[in-house]
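J.: Hints given; two lone chains; assemble the complex.
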Amino acid sequence: MHIYFPVAEVSVNLFLLLGLGGIVGVLSGMFGVGGGFILTPLLFMVGIPPAVAVATGSNQIVASSLSGVLAHFKRKTVDLKMGLILLIGGLAGAMVGVRIFSYLKELGQVDLFVTLTYVVFLGLIGGLMFVESLNAILKSRSNKPRKKTKHHTWIHGLPFKTRFRTSKLYISVIPPILVGFLVGILSAVMGVGGGFIMVPAMIYILGMPTKVVVGTSLFQIIFVAAFATLMHAMENFTVDALLALVLILSGVIGAQIGTKLGLKLKAEQLRILLALMVLAMCFKLGLGLVLTPGELFSVS
Amino acid sequence: MFGATVATAQSIVTDLSQNDVSITANFDGSQIFIFGAVKSAIMPDVNAAPLDVIIEVAGPSAPVEVRKKVHKFGIWVNGPAVEIAQAPVFYSLAGTRPVREILPDEERAKYNIGLDYVVQASDDIAPEYKDALIRIRQERGTFAKLESPVKLSEQTLFTTKVNLPSNLVEGDYTASIYLVRDQAVVASSVSEITVRKAGMERWIYNLAHEKPLIYGLLSLLVALVAGYGASTIFRLMKR
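Sequences listed follow chains H and R, in order.
Take the first sequence: its letter number 284 is residue 284 in the working numbering, and every next letter is one higher.
Take the second sequence: its letter number 174 is residue 174 in the working numbering, and every next letter is one higher.
The set of hints was computed from the structure by calculation and includes no laboratory data.
Quantities reported herein were computed from a predicted structural model and do not represent experimental measurements.
Just so it is clear, CB atoms sit at the ideal spot from N, CA and C, and this is done for glycine as well.
One should not assume that every hint holds.
[As the list claims (entries may be wrong)] Calculated lysine-lysine pairs in the BS3-like style (CA-CA distance at most 30 Å, straight line):
#1 K110/R <-> K105/H
#2 K284/H <-> K151/R
#3 K105/H <-> K68/R
#4 K39/R <-> K105/H
#5 K284/H <-> K161/R
[As the list claims (entries may be wrong)] Stretch by stretch, here's where chain H covers chain R in the computed footprint (C-beta under 8 Å, at least three residues):
#6 20-28
#7 48-59
#8 62-68
#9 98-111
#10 192-202
Extracted from the complex, chain R is given alone in its bound form (with noise of 0.2 Å):
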């Protein structure tokens, strides 16, 4: 047996199905492929430990005011804010196994995967806080509940689906692809999504933010006209 102790250089090559996602007028969430394949400069050893391939997709993070209700004269008020100093606005994570049983905390930290580790949220802060911060984006669907399964075959080729939900926030997003073996990320890739409105979602979210004067008068206009139109039509229909 030659060479056992030699790390075999590895690289990945990745593609995604789409890296451009249009939210359009029907809009109602989307899927990403993503797929690719283990290039190993030589050949791998047959005795190493299997491989194993985790994909996280992360949108763009901000950091996000959390409030916790408390009782006070017999009804529920809000109490004060807390910052969550960097959360993202979308995560999925997928992996051949559980993430958690693929890496260990170090390496997880070290890179920055999983939930626990990119919401970020500053020592003085309660615990649940955080907790609370992934909870109800889990329930919003922007936090994926579980990880989905990466599928290797032949420990080479693999491929995971992502589902984005109808509620997706624009920006750049990440999809990172990490190659795990014994515990370690042996390499790494990343490839960009941008998410973006399109057609008439667009021009209408512009002229909004940009003449928000003209917006408004356009959308009282729209209103008066449709309220004018539909009486007058209704009198029409009478006659």
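The shape of chain H in the complex, shown without the other chains (with noise of 0.2 Å):
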């Protein structure tokens, strides 16, 4: 059964779009990525044209985000002051990539950059990540006890210092907002909510704990999404709410199988699968930039 989308202006297939909602959302409650970065290209795969698949993209990621962290909420692993502190950031550095955005359109080099920044930063985290959690699995067969890394970095020599109390850490608001301030400008030039960044660095820069991780940054996706969401509608018309509408239906379903898969999963095994998935998109779209294609020519 074909349902014609009235923004995207094309007729797909509803249970092609349902299984593909369900799959991202079952992504997301399990690991805490709005699941933009497999949404997005997924959409281009099924025949939306990428404008409308990245503005409807950030309108399904706040669907599917707001459920997730809803469960997060439950269990008391959001960091509330986290979260806030980050989408300050988050949102400046949106308001900076929207405008990045829109230079690069009118150079007409819009998809070349999406994929390259794709490829460099899931290629990057995904193999940071991939070592990172092979070495904890090896460590933990090998029955060595593991060490207590709490050294102090250059991170705990910043003013502004704050308790933290969900995450127990003492550090400064400058690291944070920082890193809310790229994750914002990547999301806005990738069309992502930026979980699958955001969550490695609440990690390995901030050094919370992988517990609270998850929820932390789907509440502050929320917010980051919602607002791409609204300078795509109003800038470029590109949200097609009924693709949303189908997209966050199957999505908000999948969310909640996700989460609870992902509880009984341990962290370390949680963070491989992830590592696993990020390297095979990466890899699928270098291919794409190497591989001589077969349609050399493209329409606007």
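T.: Written out as structure tokens, the structure reads:
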């Protein structure tokens, strides 16, 4: 059964989209990523125009993140204070990112730039997480007691220190604002919520416990994605509400399943799974840049 | 034999199965029947060459930007954009025989019949760009790949079917019918086909373009309600 989407102006199989939204929802619940980095390229593949895919993806992420974060609130695994501070940086970053995006659009190099950023960031983060989690798993197998690495870094020397109770941290607000800002830029440019960058940044840069990372990341993604949706709706008219609704309905169900699945897996296993998925997407996109394309031309 | 050289005055009476195509939520492409009759003022000459019919359906035309990828630093990047001056968003051609056999190039150029004439690019643009545009639109299904047949019975009644793809774009389309004898157009007629979104599709599209702030906020509201609703339902189901 096909459905015609009014803003995308194409007709796509309904069940294909429901399946797609469901899978992305499961990932969103499991890993605390909005799933945009998988949803957006998948929407391109089923024939949704890229600009509509990016904007509608943001709208879908709002819903799946909300549904996921509510489950985390129940278990008290959201650091609200940290989320709000990340958000301040995130919104500022998203505004800068949208400017960069429209500039590149004028140059006609958006596709290339977006793909390149995907390849670089997915590769970097996927690789880092993979090595780290593999080490953690190997260490726990060899039964050596794991050292508590509470070393002092430059982060602890910064001013404006504040206590994050839920995360059991006492650090400056500057690193979270910077992390939020950078992720905000990237999320606007790449058309994603930015969870796949935010999650490792929270673990490795801010030193937050893995338990609260997912919920806190989902919490701030809701707002960054909502902001991006509004910007796209007002500047590019590319949010397809009907498409979003289809993706949301399947996505929220997936997210509930994903949240439960995530609880059954150990943190290291969760991270290695996410790392593998990020690397696979990076490889797929990178291949597209390097291999001679079947069609050399493109029509605007 | 009288008046063998007198050209017979002919005209076309034509109709379409539908003049309006409504794009609704379950729109999955459409098919239009175009049919009509050849009306002759005088009895046609028995020795005259047989008639041929060409039926062309075209969507609104607009300039299009085409880019070619170039290999730079080991990866493929978009080269500079080239503008094709005019190209219809939809094009389909049908004939009683292959159109190139029915009409010589000069006649096709005069009436703008065939993809090589409706897609117009200035002379300084390399032909590969125009070819690429035609190829890409053919792959997407908005340019018909093959000519479809026109059935002409008794040199009078003609009929053909035109397939409209699911990724149809809104606009005023035209169905042009050309009557051809001896490699020249002897009569023609044009009918309009209006392609419009309808119902919910129309409402969503209009709101998105006319009141983007309200539309954006509504989209967010839908997202929040669906997200909250689903998690509430799941919580209740657990009890």
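J.: If you draw a straight line from the CA of K284/H to the CA of K151/R, is it 30 Å or shorter?
T.: Roughly 49 Å between the alpha carbons, so the hint for K284/H and K151/R is violated.
J.: Are the Cα atoms of K105/H and K68/R separated by 30 Å or less?
T.: Between K105/H and K68/R the Cα gap is close to 16 Å, so the pair holds against 30 Å.
J.: Just to make sure I understand the rule, a stretch counts as covered if three or more of its residues have a C-beta closer than 8 Å to a C-beta of the chain. Does the region 62-68 of chain R meet that for chain H?
T.: Coverage by chain H holds here, the residue count being 5 at a Cβ distance below 8 Å.
J.: Would you check the hint for K110/R and K105/H, treating anything up to 30 Å between C-alpha atoms as holding?
T.: violated (38 Å)
J.: Are 3 or more residues of the region 192-202 of chain R near chain H, judged by a Cβ distance of less than 8 Å?
T.: It holds, with 4 qualifying residues against the three required.
J.: So if I understand the rule, the pair passes when the alpha-carbon distance is 30 Å or less; does K39/R with K105/H pass?
T.: violated (54 Å)
J.: Examine the region 20-28 of chain R for residues whose CB is less than 8 Å from any CB of chain H, and state whether their number is three or more.
T.: Answer holds; 6 residues pass the 8 Å Cβ test.
J.: Quick check: do three or more residues in the region 48-59 of chain R have a beta carbon closer than 8 Å to a beta carbon of chain H?
T.: Coverage by chain H is violated for the region 48-59 of chain R (0 residues, Cβ < 8 Å).
J.: In terms of beta carbon proximity below 8 Å, does the region 98-111 of chain R have 3 or more residues touching chain H?
T.: Since 0 is below three, the answer is violated.
J.: With the threshold set at 30 Å, check whether the alpha-carbon distance from K284/H to K161/R stays at or below it.
T.: violated (42 Å)
The earlier numbered hints that this structure contradicts are 1, 2, 4, 5, 7, 9.
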